[in-house]
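Colleague: For the protein sequence lines, the chains are A and B, in the order given.
Sequential numbering from 0 applies to the first sequence in numbering that gives the first Met the number 0.
Sequential numbering from 0 applies to the second sequence in numbering that gives the first Met the number 0.
Please note that the accuracy of each hint is not assured.
Using C-beta positions, here's what the derived DEER-type ranges look like [said to hold, decoys possible]:
| # | chain 1 | residue 1 | chain 2 | residue 2 | range |
| --- | --- | --- | --- | --- | --- |
| 1 | A | N300 | B | A90 | 36 to 44 Å |
| 2 | A | P184 | B | R82 | 53 to 61 Å |
| 3 | B | R82 | A | S321 | 46 to 54 Å |
| 4 | B | G261 | A | A156 | 52 to 60 Å |
| 5 | A | Y272 | B | A90 | 40 to 48 Å |
| 6 | B | S251 | A | S321 | 49 to 57 Å |
| 7 | A | M319 | B | A90 | 25 to 33 Å |
Quick caveat, the hints were computed from the structure, so don't treat them as lab data.
Idealized CB from N, CA, C, for every residue including glycine.
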Amino acid sequence: MKANCWMRKGKVEVQQVPDPKILNARDAIVKITSTAICGSDLHLLNGFVPTMEKGDILGHEFMGEVVELGKGVGNLKVGDRVVVPFPIACGACLACGREQFSLCENTNPNAWMAEQLWGYSPAGLFGYSHLTGGYAGGQAEYARVPFADVGPLKVPAGMPDEQVLFLSDILPTGYMGAEMCDIKPGDIIAVWGCGPVGQLAIASAFLLGAERVIAIDRFEYRLRMARDKAGAETLNYEEVNIFEALKEMTGGRGPDAVIDAVGMESHSPTVAYAYDRAKQALMLESDRPLALREAIMACRNGGIVSVIGVYGGFIDKFPMGSFMNRSLTMKTGQTHVHRYLRPLLERIEKGEIDPSFIVTHRMRLDDAPEGFDIFLNKQDDCMKVVLTP
Amino acid sequence: MTIQQTSPPSSTNGVHRPGTPMRTLPSAHRDEYSAPSRRAAGAKADHVATGLGWFSLGLGVAQLVAPGGVARLIGIRDDGGIRTLMRLLGAREVASGVGILARPKPAGWVGARAAGDAMDLALLGLAFTRKGSRPGRLALATASVAGVALLDLFDAVKLRRTQRREDRGMRVTKVITVNRPPDEVYAFWHDFQNLPTFMDHLESVQITGDRRSHWKAKGPAGTTVEWDAEITEDRPNERIAWRSVGGTIDTSGSVRFVPAPGGRGTEVRVEMEYTPPAGALGAAVAKLFGEEPNQQVQADLRAFKQVMETGEVVRSDASIHARPHPAQPPEQAPTPAPMHAPTRAREDAR
């Protein structure tokens, strides 16, 4: 089959690879009909996530048709159309019992690696380095889906791929980001990053009752989408002082909750960017937390900092004084996708949200490298690339 | 007997080290792990290594932040080229400092420090011939580096020696929580024929008598090693202990099952020990436990948890290969040897 493979830092390539096989009794093989490029795939492309190997198949946002089942899967049949959550969860461990599916204790065969870096290991993820399991990803014609009796969600016939594809990651991610804000009537939420996850976090914050949402980015087309499609007020951080602007817009209180939908490769027009870039180059910190620092400083006293942007290692100059003295709370995590599949499918069916508004580019799987390039360089007002094999 | 220590001193895995008396594990739940104790032999080398680590970090940061200042301090004329060189040297110092302080086995990093010293001495030698250098200060700097170099060499050799000594025997204690009740977990472990489903190095275990079993394990280069074992203690749902009998192989193990609080399943605490004989057979046995015995036992326990909670050892596309391999589907043929060899589970898959 064909698959989009990570070759080295800065290079992906579509290659001919062996077809996946059933390895565990609860596996399914899915013939992929739609697969997307995620912003977090760019962290892999840019070499910020360790333990990538040449030839690793990328992709963790995918859906398709079940073509083969291990004998331990009782709830699916060949021909079912499913969307697949990006974390792999066994459904039987303590973490799964708590519905913290991205912390599944059994699905990372390389847990020891993750333990070296993070203390304990989270769940295995599709197509996201060997640190989280070395599972082949879904930017391919077929994918092996472990614990197919736990993860995949059957989607009703008649709903187009693009409406349900993002249940695999970014819609639940944006939604969990907003949910962690514990939104109360009158709350104003500020969102750093207007990429696909940021857009869906904005939309979700409104769904959950936010009074206003203020979105922050530097690309005008992304801010425009946040205004026109998601309904946010917007700030361009290259043009205004974000702290002062947010303070002014919230009557001097600050946003009730802030969402970091940026992660480890943030930018800033200030000298702080040069500082973090230099420290990253010298391997003295692995992640640039510019948006996170700003979000913490801007959050109102006693507010919530919700982090859904991906971090990999260590950050520097964490404003702990501001965080502690002002009684802030941080909530974060890889999305517990399984928890949100059914409720969000219902919301889509009822027409409360349609995440397909973020799709700007539809390409063939063969053109995945070009898709990465366009997405990375924000060419052609690129927001979301969907690939079809 | 000598004992392997492969985890940092701060860990609480209760691994004993040479020089400290072996404690028998008390049966009370709260005392089940023994407190980490600093090894007597080699502890001094550890102190020196820690000192060298902090020295590296401090010097490195100074070189990175104030390259000109450091240059002037050691008597070299401060210009752009020197500053770049200083920063590079600073990055090197920071790397070996972090390496020494963070690694459980600092010998390699202290060795790297010694190599760095040689480089510094060579550079200082060149600096004497450079215009604008101050020979007095340079001589002082050279003497300091030479002194530290001696310390580095001494320490590197000493650390290597203690590590080699430890590699000859080992005792590992590991714990994992399994989300199943103690009776179920005990029952599965008690049937020793189940052990190869989650113990990577075991090929088979045959029950040969009431408390007797015959163990076969994979050795290096396609060889197998076999021995007989007997159960020395069997407390239903609480503890099983076994040891090898009669052969050249001296190995023992025990596993204890304690209910985790609040319905969190069972805490499974395993202790494995072996003292290999000298010579080639000893080397073969040592290989059974892998390069990192701590990690191997932990991996086996993790596989045990997977079997108990999900029915089989969970595999990713990459993990079925013994060596690092891209996250790609497995090749159709030949079938590669799985990392954990759950023969039964594999047959069950389809």
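Colleague: Should the hint that G261/B and A156/A are 52 to 60 Å apart at their CB atoms be regarded as holding?
Modeller: violated (44 Å)
Colleague: Kindly confirm whether 25 to 33 Å is satisfied by the beta carbon distance between M319/A and A90/B.
Modeller: holds (27 Å)
Colleague: I want to verify a distance hint. Is the separation of the beta carbons of R82/B and S321/A within 46 to 54 Å?
Modeller: At roughly 34 Å between Cβ atoms, S321/A and R82/B fall outside 46 to 54 Å, so the hint is violated.
Colleague: Can you let me know if the beta-carbon spacing of S251/B and S321/A is within 49 to 57 Å?
Modeller: holds (55 Å)
Colleague: Is the hinted range of 36 to 44 Å satisfied by the C-beta distance from N300/A to A90/B?
Modeller: holds (40 Å)
Colleague: Tell me if the beta carbons of P184/A and R82/B are separated by a distance inside 53 to 61 Å.
Modeller: holds (58 Å)
Colleague: Range hint 40 to 48 Å: satisfied by the CB atoms of Y272/A and A90/B?
Modeller: For A90/B against Y272/A, whose Cβ atoms are near 20 Å apart, the range 40 to 48 Å is violated.
Going through the hint list in order, the structure does not satisfy hints 3, 4, 5.
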